[in-house]
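Here the protein sequences line up with chains A and B, keeping their order. In this text, residue positions in the first sequence follow this note's numbering: the first is 1, and each later residue adds one. In this text, residue positions in the second sequence follow this note's numbering: the first is 1, and each later residue adds one.
Any given hint might turn out to be false.
Restraint-style ranges between C-beta atoms, simulated for each label pair [said to hold, decoys possible]:
#1 A:Pro241 with B:Ser36: 45 to 53 Å
#2 A:Val404 with B:Gly29: 21 to 29 Å
#3 B:Leu17 with A:Asp471: 47 to 55 Å
#4 A:Ala11 with B:Ser2: 41 to 49 Å
#5 A:Asp160 with B:Val25: 39 to 47 Å
#6 A:Arg123 with B:Gly9: 48 to 56 Å
#7 B:Val25 with A:Ile27: 16 to 24 Å
#8 B:Gly9 with A:Val404: 24 to 32 Å
#9 A:Glu4 with B:Gly29: 39 to 47 Å
#10 B:Gly9 with A:Glu4: 46 to 54 Å
#11 B:Ser36 with A:Ile29: 33 to 41 Å
#12 A:Gly122 with B:Val21: 29 to 37 Å
#13 A:Leu203 with B:Ser2: 22 to 30 Å
#14 B:Arg39 with A:Gly387: 34 to 42 Å
Just so you know, these hints were derived from the structure itself, not from any lab. Backbone N, C-alpha and C define an ideal beta-carbon position, used for all residues, glycine too.
Chain by chain, the residues run as shown.
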Amino acid sequence: MNLEFVSHFSAVDWTIVVAYLALTVGIGIWANRAIRSMSDYLVAGRSVRSFLGIATMVGSELGLVTVMYASQKGFTGGFAAFHIGLVAGIVTLIVGFTGFIVVPLRRLGVMTIPEYYEIRFGRGVRVLGGLLLAVAGILNMGMFLKAGALFVSGLTGLGDTNTIQWIMTALIALVLLYTILGGMVSVVITDYLQFVVLSIGMLIACGLAFRELGWTELVEGVNAIHGESGFNPLHTEGFGPSYIVWQIFTAGLVSCAIWQTAVMRACSAESTSVVRKLYMFSSIGFLIRFLLPQFLGICALVYFCRDPQVRETLFPGGVPSGDPAVKDWTLQAMPVFLGQILPVGLLGLIASGMLAAFMSTHDSYLLCWASVLSEDVVHPAYRTLTGKSLTMKTRLFLSRTLIVVIGAFLLFWSLWYPLGSDLWDYMAISGAIYFTGAFALLVLGLYWKRASRAGAIGALLSGLLAIAGLDPVRKELELPPWITSTHVGLATTAQALILMIALSLLVPDRPIPLLPIDGAEPEGNDS
Amino acid sequence: MSFWADFWGLTLLVSSLIFVVLVAVTAIGGFADLRSLMRKLLAGDEPGGEGDPSPSPDDDPPPPGG
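When you get a sec, could you build the whole thing from the sequences and use the hints?
Dropping the structure here:
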């Protein structure tokens, strides 16, 4: 494989990285002083205001993994991949204007989506939904370490796998340390720092990449490699209409209003009016988190394909290579490209921002899935079995223990699982195990009075069929190639909705009043 | 192709410009919010315990006659 390049990454850049990470971790640990209750730990005492909420929401979503999978989409799809960011931004804006799903959730005062399941459908649905959410969420972040390792080796030029694995393990250990100690408060502070550094770094990197290649070369380069499908997202040789519909749902609605980590931001907001502002202003962040990295991916594509030998390796005979090593390299192309064009110093700053982003995404997600398991699975199950509640101290200990257990699982999974597809497509379909059912429960549960517990259980369980969209499972089931993970995801979503409606009509509930719980917003705040 | 190239170029340009403004405003405003958050949490002013929905200047006013 002719894809070896020398990076400009130097000792100066390493120094910047170490100093920046030490600062970030130090601040995260310092935040431990502010933790006085479970609410402080999980939702920062519900005291996050508009600007900070926007910064942390964008900061959490504009992580290294997002940058990696988005740049890979730009590399493999060309300019047409921009449609993903565009629909993400538009849908988030609509959610902000209408308050669809997120405002009723904040009004109920829940901390997690399964908590809403209990209020609306009963404790059993909460435990089942929490379990599915945690499984899907942990699988979804299963490739984060791999993406991080590819980023480090691509940007720094480190080829030794052992060294990279030790670096990634050390980063995870640091994340575990400050997330366990500082909870959501440390997450908010580190997300803010990362938002500032990474946003500025990304803008500068895009400016330098643009200066290196110029608009005309970019357009002509993409046209020569991808043709019309590199520009028109509706083109059937590229993404096609069904993929766009899938993106409206996943990159759009799910990412901002159904995915637990984003909903946690809404739940942390001071009021429903802050929730609306948060979503309206964050819409540009949701757009840009795809657009800028995709642009860097396109720049990397055109830059490397200047060399005919590299182009033949990546696109033998004009079609994308099926070699798994080349597929992995498409994920690494953007950092390798940055290692080629960025000057010393700026390279260190970008690496710092990206690694801080990597840690920031991990802290948000680890905290999120650990709190779902402790608060929505173990604690309610314990209450049902014993009739007693766990003390706050025990729940905090449980959350912290689960963070360590999940971290250990991620180390194992990222080494074992063969990716086999674009990272973004893996994430969408692994997340679908949860969000196809959750979509039905949220939309119908919040806006349709007749939605019942039986319908909710049916919809949640039907989401498990999304597993058939994962690459190794599709191969095992010998599904025909024209049935893509997109089709599996869309079919599972439709099935969950139909099942929920049908079962709700067939097996209705006795009416359960929607009672707000601790942390609910008082009446009149969103008049 | 020409239409789509122009469309995506314009989308990228406009979004980047708006993002520059958003980063500047949010970085400054966020810092002030962060200070206020830490002050509140360190003071431990949570009269309602877990999940206290204490009002803030960002909240909408209560309904008339409430």
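**Prompt:** At the C-beta level, are A:Gly122 and B:Val21 separated by a distance inside 29 to 37 Å?
**Reply:** Once the Cβ atoms are compared, 46 Å apart, the range 29 to 37 Å for B:Val21 and A:Gly122 is violated.
**Asked** Is it true that B:Gly9 and A:Val404 lie within 24 to 32 Å of each other by Cβ?
**Response** Since B:Gly9 and A:Val404 have Cβ atoms about 47 Å apart, the given range 24 to 32 Å is violated.
**Request:** May I ask you to test the hint 39 to 47 Å on the CB atoms belonging to A:Asp160 and B:Val25?
**Result:** 43 Å, holds
**Message:** Between the beta carbons of A:Pro241 and B:Ser36, is the distance compatible with 45 to 53 Å?
**Reply:** Between A:Pro241 and B:Ser36, where Cβ atoms are some 47 Å apart, the hint holds.
**Message:** I want to verify a distance hint. Is the separation of the beta carbons of B:Val25 and A:Ile27 within 16 to 24 Å?
**Reply:** 22 Å, holds
**Asked** So the hint says 22 to 30 Å: do the beta-carbon atoms of A:Leu203 and B:Ser2 match that?
**Response** 27 Å, holds
**Request:** Given the range 33 to 41 Å, decide if the beta-carbon distance of B:Ser36 to A:Ile29 lies inside it.
**Result:** Roughly 21 Å apart at Cβ, these two residues miss the hinted range, so it is violated.
**Prompt:** At the C-beta level, are B:Gly9 and A:Glu4 separated by a distance inside 46 to 54 Å?
**Reply:** At 33 Å between Cβs, range violated.
**Message:** Holds or violated: the 48 to 56 Å window for the beta-carbon distance between A:Arg123 and B:Gly9?
**Reply:** 53 Å, holds
**Asked** Regarding B:Arg39 and A:Gly387, is the given constraint of 34 to 42 Å on their beta-carbon distance met?
**Response** Hint holds: Cβ distance 40 Å, inside 34 to 42 Å.
**Asked** Taking the beta carbons of B:Leu17 and A:Asp471, is their distance inside 47 to 55 Å?
**Response** Distance hint for B:Leu17, A:Asp471 is violated at roughly 39 Å.
**Message:** Tell me if the beta carbons of A:Val404 and B:Gly29 are separated by a distance inside 21 to 29 Å.
**Reply:** 35 Å, violated
The structure is inconsistent with the numbered hints 2, 3, 8, 10, 11 and 12, although it conforms to all the rest.
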